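Student: So you can see what is in the structure, the chains are spelled out below.
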Amino acid sequence: MLRYILKRAISLIISLCLASIIIFAVVEIAPGDPASFMLGINAQEDTIAALRAELGLDQDKLSRYFTWVTGMIQGDFGTSYTYRSPVAEMVTERIWVSLPLALYALLISTLIAFPAGIYAATQRGKSGDLVVMGATQFGIAIPNFWFAMILVVIFALKLRWFSAGGFVEWENGIFKSMKSLTLPAIALALPQASILSRVMRSALIETLSEDYIRTARAKGFGKRAVIWRHALRNALIPVLTIIGLQFSFLMAGAIIIEQVFFLPGLGRLVFQAITQRDLIVVESVVMLLVFAVITVNFIVDVTYAVADPRLRRRV
Amino acid sequence: MRSGSLIFGVLLSALVVIAAGLSFLWVPFDITQLSIPDKLQTPNKLHWLGTDHFGRDILSMVMIGARTSLAVALLAVGIGFFIGVPLGLVAATRKNSIIDEVIMRTNDLIFAFPSLVIAILITALFGAGAMNAIIAIGIFNIPVFARVSRGAALSLWQKEFILAARVSGKSDLRISAEHIFPNIANLLIVQGTIQFSLGILAEAGLSYVGLGTQPPIPSWGRMLADAQTMVSFAPHLAIIPGTAIIITVLGLNLLGDGLRDLLDPRVRKSRE
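Residue numbers (my numbering), protein chains in the order written: chain F, 4 to 318; chain L, 15 to 286.
What the hints contain is simulated information worked out from the structure, not anything from laboratory work.
In this text, all values refer to a predicted model and were calculated from it rather than measured experimentally.
Possibly wrong hints are sitting among the right ones.
If the Cβ cut is set under 8 Å, some of the chain F residues that face chain L in the computed set are [claimed, not checked]:
(1) VAL156
(2) VAL289
(3) MET290
Simulated pairs of lysine-lysine, DSBU-like, Cα-Cα distance not exceeding 35 Å [said to hold, decoys possible]:
(4) F:LYS161 - L:LYS59
(5) F:LYS182 - F:LYS161
(6) F:LYS161 - L:LYS109
(7) L:LYS59 - F:LYS10
(8) L:LYS173 - L:LYS184
(9) F:LYS129 - F:LYS222
(10) F:LYS161 - F:LYS179
(11) L:LYS109 - L:LYS53
(12) L:LYS53 - F:LYS10
(13) F:LYS129 - F:LYS10
Just so it is clear, CB atoms sit at the ideal spot from N, CA and C, and this is done for glycine as well.
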């Protein structure tokens, strides 16, 4: 057991190191010097050189990479070129928009997917199943930013139930803040809910065909009792994996939705930083997102290994 | 019923492909001609799907946009296929070796990157445009194809006909190319269809934020971005390109599902 965790931990560390190298390299080889970008086209050579020195861009690549990595380990993500404020601070500010948004979307997606998936599985092959599965096909095919636009037209512009964009800060009350995240969360949740419903359905169908389910039925348990007491619990494993994956996707994938709703989240921060050549922000936020994904996967793997001894042997 | 989804998928996909193909030969109106007096018309007899804010015919733009979307997504699938499949096959021939380890761990690593953020990063840093969008989307197709082909190839390597090929003295490379690849081609076609539809969505997303196909070439994502400020008084500007995306993605997904059922007898049986 311990050996397995150790092995996974080592591969986690290697992955993180490689990820940091890749991110640094991509940003490095990209054309466009942040200093000349910040100063504009009319800047003097010596002014650019001075700014480069100030930003630490004149040092060699290797030492800059190590400064960046060691800084991050200590919680120092560097200073934004454009805003001249610590990246860590900017990230902390933004995360209070992105994290609740991701959790909200995940909640909506789960609340839709569980009943839909369970219903479809129990109605397998009947018209109810076909309707749910047809709806999920649509849900997957709809681009979420387009769905977001349609939601804005209906619920913000026509019905005026929600605002068309922007974020109400948490100081103004949780209800107001959550309200401003509602349309973005619904837009984000739709494709996720469709995927999750399908996973839920197929996982449940698979468990329902197991021998122990037949045994339980033979012992006289009703269909409903079997689903709730036996099948659902076992079907949850693949569903939880997908929820784990969706969470990291929602954290990072909100980038376009945040653009549509003008939400000051992490995605919008990266997007702005990319267009402003604020490379230190780009590197650090992307690294943070990758760190989140890799770590979530690690935790999921280890939890399974603890829960299910069969998985340990496979590695 | 299942073959119904295949037929529906084929019909929808064919509609898009025909529209794209036809646009090379003929479109109802020349979209390079701006005609401000005709702007923002709702669908009518002359302009079947209406006109945009420059008075351009939306049907013509959607048709040319189909061409752009299909081309970008197809080339991105091509990148994934032509790099990913050989990597997966090599990994399968050398199971548990260093090469296998390196290929599969690199795959895991690419999976860990938030694809949309990286695609935006690549297109923004190296220049917005269709070519960089293709590369950015294509990179994330590589691990998908590598994983699928490795998994499928591994089980084939246990089969007797492969053993027979080995006994006859064929090299691993030749076996992979002559025996393994044809046998996993079905699976790869299904996966290709799924990646194709994901590519359409990704291209639309990138163009929507201004990093995909650049004007004046029409693209569905770009049309949606233009529509955003006018959507309250001209909703057809957003509804039509959005519907085009949905039809394409839905068609491809149904096609992929249908093909899988058709090509994989086990799925067919379990569904019956």
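Student: Each hint: holds or not?
Tutor: Results of checking the hints against the structure:
1. About 5 Å separates the beta-carbon of F:VAL156 from the nearest beta-carbon of chain L, less than 8 Å, and the hint is met.
2. The beta carbon of F:VAL289 comes within 6 Å of a beta carbon in chain L, closer than 8 Å, and the hint placing it at the interface holds.
3. Hint status for F:MET290 relative to chain L: violated, with the closest Cβ pair at about 10 Å, above 8 Å.
4. In summary, the hint linking F:LYS161 to L:LYS59 is supported, as the alpha carbons are separated by about 28 Å, within the 35 Å threshold.
5. The suggested pairing of F:LYS182 with F:LYS161 holds, with an alpha-carbon distance near 17 Å, which does not exceed 35 Å.
6. Taking the CA atoms of F:LYS161 and L:LYS109, the gap is near 59 Å; set against the 35 Å cutoff, the hint is violated.
7. For the proposed pair L:LYS59 and F:LYS10, the alpha carbon gap of about 68 Å is over 35 Å, so the pair is violated.
8. Between L:LYS173 and L:LYS184 the alpha-carbon distance is near 15 Å, which keeps this suggested pair within the 35 Å criterion.
9. Restraint check: the Cα-Cα separation between F:LYS129 and F:LYS222 comes to about 26 Å, which is no more than 35 Å; the hinted pair holds.
10. A hinted pair counts as satisfied when its Cα atoms are at most 35 Å apart, and F:LYS161 with F:LYS179 qualifies at roughly 20 Å.
11. A distance of roughly 62 Å separates the Cα atoms of L:LYS109 and L:LYS53; the hinted pair therefore is violated under the 35 Å criterion.
12. Simply put, L:LYS53 and F:LYS10 have alpha-carbon atoms about 64 Å apart, too far for the 35 Å limit, and the pair is violated.
13. About 47 Å separates the Cα atoms of F:LYS129 and F:LYS10, which puts this hinted pair outside 35 Å; it is violated.
When the structure is compared with the earlier hints, violations turn up for hints 3, 6, 7, 11, 12 and 13 and for no others.
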